[in-house]
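Chains as they are written, first to last, in my numbering: chain A, 1 to 138; chain B, 1 to 337; chain C, 1 to 557.
The set of hints was computed from the structure by calculation and includes no laboratory data.
Given the structure is predicted, the values throughout are model-derived calculations rather than measurements.
Please note that the accuracy of each hint is not assured.
As the list claims (entries may be wrong) - Some chain A residues near chain C, calculated using beta-carbon distances under 7 angstroms:
| no. | residue |
| --- | --- |
| 1 | Glu25 |
| 2 | Gly28 |
| 3 | Arg31 |
| 4 | Arg39 |
| 5 | Ile41 |
| 6 | Pro44 |
| 7 | Lys56 |
| 8 | Phe59 |
| 9 | Ile78 |
| 10 | Ala89 |
| 11 | Lys116 |
| 12 | Glu119 |
Unchecked claim - List time: in silico DSS-like cross-link candidates among lysine-lysine, alpha-carbon distance up to 30 angstroms:
| no. | chain 1 | residue 1 | chain 2 | residue 2 |
| --- | --- | --- | --- | --- |
| 13 | C | Lys488 | B | Lys69 |
| 14 | B | Lys198 | A | Lys132 |
| 15 | B | Lys69 | A | Lys96 |
| 16 | A | Lys7 | B | Lys251 |
| 17 | A | Lys96 | B | Lys21 |
| 18 | C | Lys415 | B | Lys69 |
| 19 | B | Lys264 | A | Lys132 |
| 20 | B | Lys172 | A | Lys116 |
| 21 | B | Lys328 | C | Lys439 |
| 22 | A | Lys116 | C | Lys430 |
| 23 | B | Lys319 | C | Lys503 |
| 24 | B | Lys21 | B | Lys31 |
| 25 | B | Lys264 | A | Lys7 |
| 26 | C | Lys515 | B | Lys69 |
| 27 | C | Lys506 | B | Lys172 |
| 28 | C | Lys503 | B | Lys69 |
| 29 | C | Lys15 | A | Lys33 |
| 30 | C | Lys28 | B | Lys251 |
| 31 | B | Lys198 | A | Lys96 |
| 32 | A | Lys116 | C | Lys420 |
| 33 | A | Lys116 | C | Lys415 |
| 34 | C | Lys15 | A | Lys116 |
| 35 | C | Lys510 | B | Lys21 |
| 36 | B | Lys319 | C | Lys15 |
| 37 | A | Lys96 | B | Lys297 |
| 38 | C | Lys510 | A | Lys33 |
| 39 | C | Lys15 | B | Lys220 |
Where a beta carbon is used, it is the ideal one built from N, C-alpha and C, also for glycine.
Spelled out, the chains give:
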Amino acid sequence: MTDKTEKAPEVVGFACSYCTFKASEMAGSLRMKYPEKVRVIQVPCSSRVDPAFVIKAIFEGADGVFVSGCHPGDCHFIRGNYFTRRKMAALKEMFKAFSMEGKVKLFWISAAEARKFIEKITNFYNELREEKNAGKKN
Amino acid sequence: MQGKRIDNEKIKAALNRFLEKQNHIALGFGKNSIFITHKIYRDHVDDLFLFNPYFSINGATFFYRVFGKDIKALMLLRPCEIRAMVELIKLNQIDPETAIMVSVDCPGAISLKKANADMPHDFFEIKQALDKNNRELRWACRFCREKRAVVGDAGIRIAEDRSMWIFPYSDKGNEFLGLIDEETIEFTGKFILSEGVKTEPFTTDMATFNSDFSKCILCKNCRDMCPVCYCVDCLFAGDEYLPKGDALINKMLRTGTEIFPYGKEIFHMIRMYHVSQTCVGCGACEEACPQEIPLTKYFKGISERLQNLFSYMSGRDIKEVIPYLTIKEDELNDAED
Amino acid sequence: MRAGIFICHCGHNIKHTVDVRYLSEYFKKIPGVVVSIDYAFVCSEPGQDIIKESIENQKLDRVVIASCTPSLHGDLFRDLLKKSGTNPFYLKRVSIREHCSWVGDDIEANTEKAKRLILSGLYAASHYIPLEEKMVEVNKSALVIGGGVSGLSAALFLARMGIKVYLIEREKELGGHVRLLNKVWPSMRNGKEIIRELIDEIERLDNVEIYTDTIITNFEGFFGNYQVTINNNGQERKFIVGGVVVATGFTPFDPSIKPELHYKKDKRIVTTLDLEKGIEYLELPKKPRVAILHCIGSRDETIGRSYCSRICCINSLKTAEEIKQRYPDSFVESFYMDVRAHPRGGEEYFESLQEKGVLFTRGNVAEIIPTDKNIIIRGEDTLLGEVYEKEFDLVVLSIGMSTAFDSRALGQLLKISLDKDGFFLEAHIKLRPFDTAVKGIFIAGSCSGPKDTEESINHGRASALKLFGMLNLGYAFVEPFISYVDPKRCSGCRQCEEACIAKAIKFDEKLRVVKVEEAACMGCGLCNATCPSSAISLKGYFDSFIADEISGLLEIA
Numbered sequence: 001m002t003d004k005t006e007k008a009p010e011v012v013g014f015a016c017s018y019c020t021f022k023a024s025e026m027a028g029s030l031r032m033k034y035p036e037k038v039r040v041i042q043v044p045c046s047s048r049v050d051p052a053f054v055i056k057a058i059f060e061g062a063d064g065v066f067v068s069g070c071h072p073g074d075c076h077f078i079r080g081n082y083f084t085r086r087k088m089a090a091l092k093e094m095f096k097a098f099s100m101e102g103k104v105k106l107f108w109i110s111a112a113e114a115r116k117f118i119e120k121i122t123n124f125y126n127e128l129r130e131e132k133n134a135g136k137k138n
Numbered sequence: 001m002q003g004k005r006i007d008n009e010k011i012k013a014a015l016n017r018f019l020e021k022q023n024h025i026a027l028g029f030g031k032n033s034i035f036i037t038h039k040i041y042r043d044h045v046d047d048l049f050l051f052n053p054y055f056s057i058n059g060a061t062f063f064y065r066v067f068g069k070d071i072k073a074l075m076l077l078r079p080c081e082i083r084a085m086v087e088l089i090k091l092n093q094i095d096p097e098t099a100i101m102v103s104v105d106c107p108g109a110i111s112l113k114k115a116n117a118d119m120p121h122d123f124f125e126i127k128q129a130l131d132k133n134n135r136e137l138r139w140a141c142r143f144c145r146e147k148r149a150v151v152g153d154a155g156i157r158i159a160e161d162r163s164m165w166i167f168p169y170s171d172k173g174n175e176f177l178g179l180i181d182e183e184t185i186e187f188t189g190k191f192i193l194s195e196g197v198k199t200e201p202f203t204t205d206m207a208t209f210n211s212d213f214s215k216c217i218l219c220k221n222c223r224d225m226c227p228v229c230y231c232v233d234c235l236f237a238g239d240e241y242l243p244k245g246d247a248l249i250n251k252m253l254r255t256g257t258e259i260f261p262y263g264k265e266i267f268h269m270i271r272m273y274h275v276s277q278t279c280v281g282c283g284a285c286e287e288a289c290p291q292e293i294p295l296t297k298y299f300k301g302i303s304e305r306l307q308n309l310f311s312y313m314s315g316r317d318i319k320e321v322i323p324y325l326t327i328k329e330d331e332l333n334d335a336e337d
Numbered sequence: 001m002r003a004g005i006f007i008c009h010c011g012h013n014i015k016h017t018v019d020v021r022y023l024s025e026y027f028k029k030i031p032g033v034v035v036s037i038d039y040a041f042v043c044s045e046p047g048q049d050i051i052k053e054s055i056e057n058q059k060l061d062r063v064v065i066a067s068c069t070p071s072l073h074g075d076l077f078r079d080l081l082k083k084s085g086t087n088p089f090y091l092k093r094v095s096i097r098e099h100c101s102w103v104g105d106d107i108e109a110n111t112e113k114a115k116r117l118i119l120s121g122l123y124a125a126s127h128y129i130p131l132e133e134k135m136v137e138v139n140k141s142a143l144v145i146g147g148g149v150s151g152l153s154a155a156l157f158l159a160r161m162g163i164k165v166y167l168i169e170r171e172k173e174l175g176g177h178v179r180l181l182n183k184v185w186p187s188m189r190n191g192k193e194i195i196r197e198l199i200d201e202i203e204r205l206d207n208v209e210i211y212t213d214t215i216i217t218n219f220e221g222f223f224g225n226y227q228v229t230i231n232n233n234g235q236e237r238k239f240i241v242g243g244v245v246v247a248t249g250f251t252p253f254d255p256s257i258k259p260e261l262h263y264k265k266d267k268r269i270v271t272t273l274d275l276e277k278g279i280e281y282l283e284l285p286k287k288p289r290v291a292i293l294h295c296i297g298s299r300d301e302t303i304g305r306s307y308c309s310r311i312c313c314i315n316s317l318k319t320a321e322e323i324k325q326r327y328p329d330s331f332v333e334s335f336y337m338d339v340r341a342h343p344r345g346g347e348e349y350f351e352s353l354q355e356k357g358v359l360f361t362r363g364n365v366a367e368i369i370p371t372d373k374n375i376i377i378r379g380e381d382t383l384l385g386e387v388y389e390k391e392f393d394l395v396v397l398s399i400g401m402s403t404a405f406d407s408r409a410l411g412q413l414l415k416i417s418l419d420k421d422g423f424f425l426e427a428h429i430k431l432r433p434f435d436t437a438v439k440g441i442f443i444a445g446s447c448s449g450p451k452d453t454e455e456s457i458n459h460g461r462a463s464a465l466k467l468f469g470m471l472n473l474g475y476a477f478v479e480p481f482i483s484y485v486d487p488k489r490c491s492g493c494r495q496c497e498e499a500c501i502a503k504a505i506k507f508d509e510k511l512r513v514v515k516v517e518e519a520a521c522m523g524c525g526l527c528n529a530t531c532p533s534s535a536i537s538l539k540g541y542f543d544s545f546i547a548d549e550i551s552g553l554l555e556i557a
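Extracted from the complex, chain A is given alone in its bound form (with noise of 0.2 angstroms):
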């Protein structure tokens, strides 16, 4: 299926513990697939993603980052997933200014929507991919 000189992209999602971890769980116990570079770290909230550890995970040889947490609204801890929106969004904005967007993202994943969860992270492994293969056909 994959082509063996093809580079894989590595990618480091952060999940909350209350969402997106728990889809990720259901996710696991459904037997869905996703591809094997995407790893997770569990955080008790999104809003515990200090955005210094995607830019450390950035530069230390990730190709692509998310955070991902509850909906807007229904976060364990009441709002800390707003936090995280504004948090975000700025660092992605920064990501912008230096022409790497598509680097991070930012996911509304809740603890019952595992398919989303494969949905998200496949896209995001796959837009990687062929970013990193770019030009390398022929």
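The hints should help you fit chains B and C onto chain A, whose structure is shown.
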């Protein structure tokens, strides 16, 4: 607009009146042996320069954790310095009662690094000198967002007819105006300085960044001289982001990194994010850089871009909350990817 | 660091796509790793024994267990560490089943992924510090919010077990919606009687305080020690409770939201709830023609209520029966989408009514046209594929349940979340259906989704039982994952204080640093991410842990 028409002598007289009280100090521009620079006045003002043609450090730097009881510090500084001061008040580093901030219209400045002693010190003369030889004007000043003295507790503004005025913006400002021996009258004229230049959103790419920062030696002077980098202990003192010693050796062995000093991008990017909402674009970092890296371009560019996201402007108003500390439920609805 | 790595095969679950043998050999070579073992079932008794022995014999101070997801067996392994004499927070769980072996097919890639996951877990664990689980006393008292049938059942159970109960009710009278019911299916007893019985029993006990006409104005604290402030008819009262049962019930769907139903504009259009007052007042003719419309306010995407209200089918049947009893010559027709007579005996009841001559037509009513003489309804019979147009004297709307109007506000006050429909969300739909995500707060009755009377009583009792189990112990452990401040590094900028959602951070004017009120801290870590120098850290999720976890994931192997 209600204000007082003043001149250099009247300001001096008011300052002297202010300094009569105990525990009152003033910070403005005076002359050392050669150059005009920041000067602290404790009980008497003799040589006062409202305009400083050189930029060395931001006057707000070092005003961290100022909590002296009953101390009043009057500052006659550039708008960028006052804006940094406002941000520091928001960050609880200076007691708002302590600082009386008077901004002064800024004609722009040249870097002290490239200074020659024959720069004039009158507003119009400085402006003329800088206009004539545009090359000398600092990058930060050329793209300054707010040269007008419209921030702080009061502002000293220059009118088109070359008259000088002071306008109060707060109660503290009114208090200071009370020390000036002049009637408050209505100002109907026009100011010489208009709104700052609107620039396109800053855009660059990693290749440019890498070539610009290739000279970086990670001395962290930019951080030390940044007026809004107020932390007691910097995040980069630990091993998490800039490993040292064993942690660094481990990192090299584990990741096979070949870059040394390690972590330039991480340091600058994280710092850029940290000051993104508070950066006033004064360019003090660039003045401090021994390698002459065009830091202002990045820090000012990114911070303006990120502040625009929340319609925020650092140092504009003491009542504005730093965007990362507050939220609205209905905003940024397109933030999800 | 003396770390032990235990890799679980989980029978075939992990082993079949991850080369566990290779991994356990690989980690033996990593500096600091003393033990590296793979085993068929680490969670089994022999597996636990291996861990225990290793900890004791090899003096392990870090234990990395690579197995299923951390939310499973979390307490089990923590207890195991405690029993083995180490701090339970030296444990790092790495999920290589849900996040690795089950989601990928390629053995090589999976093994590589598992390797990195375990490595990053090991790096993170190397920074771990011992944490203390604080033991707190638990107040043997409970707050029951809502005096409906579910809340009453919960309060009665708790009170009988000797728990001090504070029962609060927003309305002036206890009893909720059951009080309004003339006959409660299937016993056909009067709702008021059922409620009266419960209240009588409660009133006989002296450890229940009942407050009607009361709302909660403030709610703080943690399990075992919740401080509640109520407003009882204008008077403020405060008390401390150990736990809470939320039984706020529902609001009947108001059909006037849909103007096309003409509800409240025409006297001949009534709801099933209106009919509980009796049929007589309607002044129907001797041989009335009655239409019963199912699914009003249920399974309706257009008004955001896609759920089934579960009670209204039985209500419709009950209404049909009542009309048939009162007017034997009446013509009763039910318009339905599906008849979901799911409770025990419901299906038989449905059949008995068909036998009694009630006509059931599949197909929702599209149009209601009131005329002077009668009401014309139009729609499509989806079984016959024909359009019908019929005349009736009375239209009964079988209304569903909406969420209680103040459930969102209450949810925010108690910090419990709502599901997409606005009902309170359970911690786990199958395994923990009575719990909320907040420790010590349980949900009962239809505030967590539509339920009939029987289910509500059961739900109330079950929640009360679960709460009783927790309260009766008399003590509880508080999760140590809260923020703490390093006063030497704090710049006193108060950014964390400004951002803190729980308002658990206070500024010390004297020392000019912030401090955390441990009991109030929720443990989200927002302060940690806000502080530019990370002088305030969330225990268990320090910057160094996560930063090294990132490093571990991205290292070249």
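So, going through the hints one by one against the coordinates:
Using the Cβ-Cβ criterion of 7 angstroms, the hint placing glutamate 25 of chain A at the interface with chain C is satisfied: the shortest such distance is roughly 5 angstroms. Of the supplied interface hints, the one on glycine 28 of chain A holds, with its beta-carbon coming within about 3 angstroms of a beta-carbon of chain C, less than 7 angstroms. Interface restraint check: arginine 31 of chain A against chain C, minimum CB-CB distance 5 angstroms, threshold 7 angstroms, status holds. Checking arginine 39 of chain A against chain C: minimum C-beta separation of about 5 angstroms stays under 7 angstroms; hint holds.
Interface hint at isoleucine 41 of chain A: satisfied, since its Cβ lies 5 angstroms from the closest Cβ of chain C, which is below the 7 angstroms cut-off. With a cut of 7 angstroms, the hint placing proline 44 of chain A at the interface with chain C holds, because the nearest CB-to-CB distance is about 5 angstroms. Contact between lysine 56 of chain A and chain C, as hinted, is supported at the beta carbon level, the nearest pair being about 6 angstroms apart and thus within 7 angstroms. Annotation: phenylalanine 59 of chain A was flagged as interfacial toward chain C, and the flag is violated, the nearest CB pair being 10 angstroms apart, outside 7 angstroms.
Interface hint at isoleucine 78 of chain A: satisfied, since its Cβ lies 5 angstroms from the closest Cβ of chain C, which is below the 7 angstroms cut-off. The interface hint given for alanine 89 of chain A is violated, since its Cβ lies 14 angstroms from the closest Cβ of chain C, which is over the 7 angstroms cut-off. Evaluation of the lysine 116 of chain A hint against chain C yields a violated restraint, the C-beta minimum of about 13 angstroms exceeding 7 angstroms. With a cut of 7 angstroms, the hint placing glutamate 119 of chain A at the interface with chain C is violated, because the nearest CB-to-CB distance is about 14 angstroms.
For the given pair, lysine 488 of chain C sits about 22 angstroms from lysine 69 of chain B by alpha-carbon distance, which is consistent with the 30 angstroms threshold. At roughly 36 angstroms between alpha-carbon atoms, lysine 198 of chain B and lysine 132 of chain A are farther apart than 30 angstroms, so this suggested pair is violated. At most 30 angstroms may separate the alpha-carbon atoms for a hinted pair to count; lysine 69 of chain B and lysine 96 of chain A exceed this at roughly 46 angstroms. A threshold of 30 angstroms between alpha carbons decides the hint, and for lysine 7 of chain A with lysine 251 of chain B the separation of about 23 angstroms falls inside it, so the pair holds.
About 53 angstroms separates the Cα atoms of lysine 96 of chain A and lysine 21 of chain B, which puts this hinted pair outside 30 angstroms; it is violated. With a C-alpha separation of about 41 angstroms, the suggested pairing of lysine 415 of chain C with lysine 69 of chain B is violated against the 30 angstroms cut-off. At most 30 angstroms may separate the alpha-carbon atoms for a hinted pair to count; lysine 264 of chain B and lysine 132 of chain A meet this at roughly 23 angstroms. Taking the CA atoms of lysine 172 of chain B and lysine 116 of chain A, the gap is near 56 angstroms; set against the 30 angstroms cutoff, the hint is violated.
Of the supplied pair hints, the one linking lysine 328 of chain B and lysine 439 of chain C holds, its CA atoms being roughly 28 angstroms apart against a limit of 30 angstroms. A C-alpha spacing of about 21 angstroms is found between lysine 116 of chain A and lysine 430 of chain C, which places the hinted pair at or below 30 angstroms, so the restraint holds. Restraint check for lysine 319 of chain B and lysine 503 of chain C: satisfied, since their Cα atoms lie roughly 20 angstroms apart, inside the 30 angstroms limit. Our distance criterion of 30 angstroms between C-alpha atoms is met by lysine 21 of chain B and lysine 31 of chain B, whose separation comes to about 24 angstroms.
A C-alpha spacing of about 26 angstroms is found between lysine 264 of chain B and lysine 7 of chain A, which places the hinted pair at or below 30 angstroms, so the restraint holds. Under the criterion of a C-alpha separation no larger than 30 angstroms, the hint pairing lysine 515 of chain C with lysine 69 of chain B is consistent with the structure, at around 23 angstroms. Pair hint lysine 506 of chain C plus lysine 172 of chain B holds up; C-alpha atoms about 28 angstroms apart against a cutoff of 30 angstroms. Between lysine 503 of chain C and lysine 69 of chain B the alpha-carbon distance is near 28 angstroms, which keeps this suggested pair within the 30 angstroms criterion.
Restraint check: the Cα-Cα separation between lysine 15 of chain C and lysine 33 of chain A comes to about 17 angstroms, which is no more than 30 angstroms; the hinted pair holds. With a C-alpha separation of about 20 angstroms, the suggested pairing of lysine 28 of chain C with lysine 251 of chain B holds against the 30 angstroms cut-off. Distance hint between lysine 198 of chain B and lysine 96 of chain A is fulfilled; the C-alpha atoms sit about 20 angstroms from each other, no more than 30 angstroms. Between lysine 116 of chain A and lysine 420 of chain C, the direct Cα distance comes to roughly 16 angstroms. Compliance with the 30 angstroms bound is thereby established for this hinted pair.
Distance hint between lysine 116 of chain A and lysine 415 of chain C is fulfilled; the C-alpha atoms sit about 26 angstroms from each other, no more than 30 angstroms. Taken as a hint, the lysine 15 of chain C and lysine 116 of chain A pair is honoured in the structure, with Cα atoms around 28 angstroms apart against an allowance of 30 angstroms. For a cut-off of 30 angstroms, the pair hint linking lysine 510 of chain C to lysine 21 of chain B stands: about 27 angstroms separates their Cα positions. At most 30 angstroms may separate the alpha-carbon atoms for a hinted pair to count; lysine 319 of chain B and lysine 15 of chain C exceed this at roughly 60 angstroms.
Pair hint lysine 96 of chain A plus lysine 297 of chain B holds up; C-alpha atoms about 16 angstroms apart against a cutoff of 30 angstroms. A distance of roughly 56 angstroms separates the Cα atoms of lysine 510 of chain C and lysine 33 of chain A; the hinted pair therefore is violated under the 30 angstroms criterion. The hinted pair formed by lysine 15 of chain C and lysine 220 of chain B fails the criterion: a straight-line CA distance of about 49 angstroms is larger than 30 angstroms.
The structure does not agree with the numbered hints 8, 10, 11, 12, 14, 15, 17, 18, 20, 36, 38, 39 stated previously, though it agrees with the rest.
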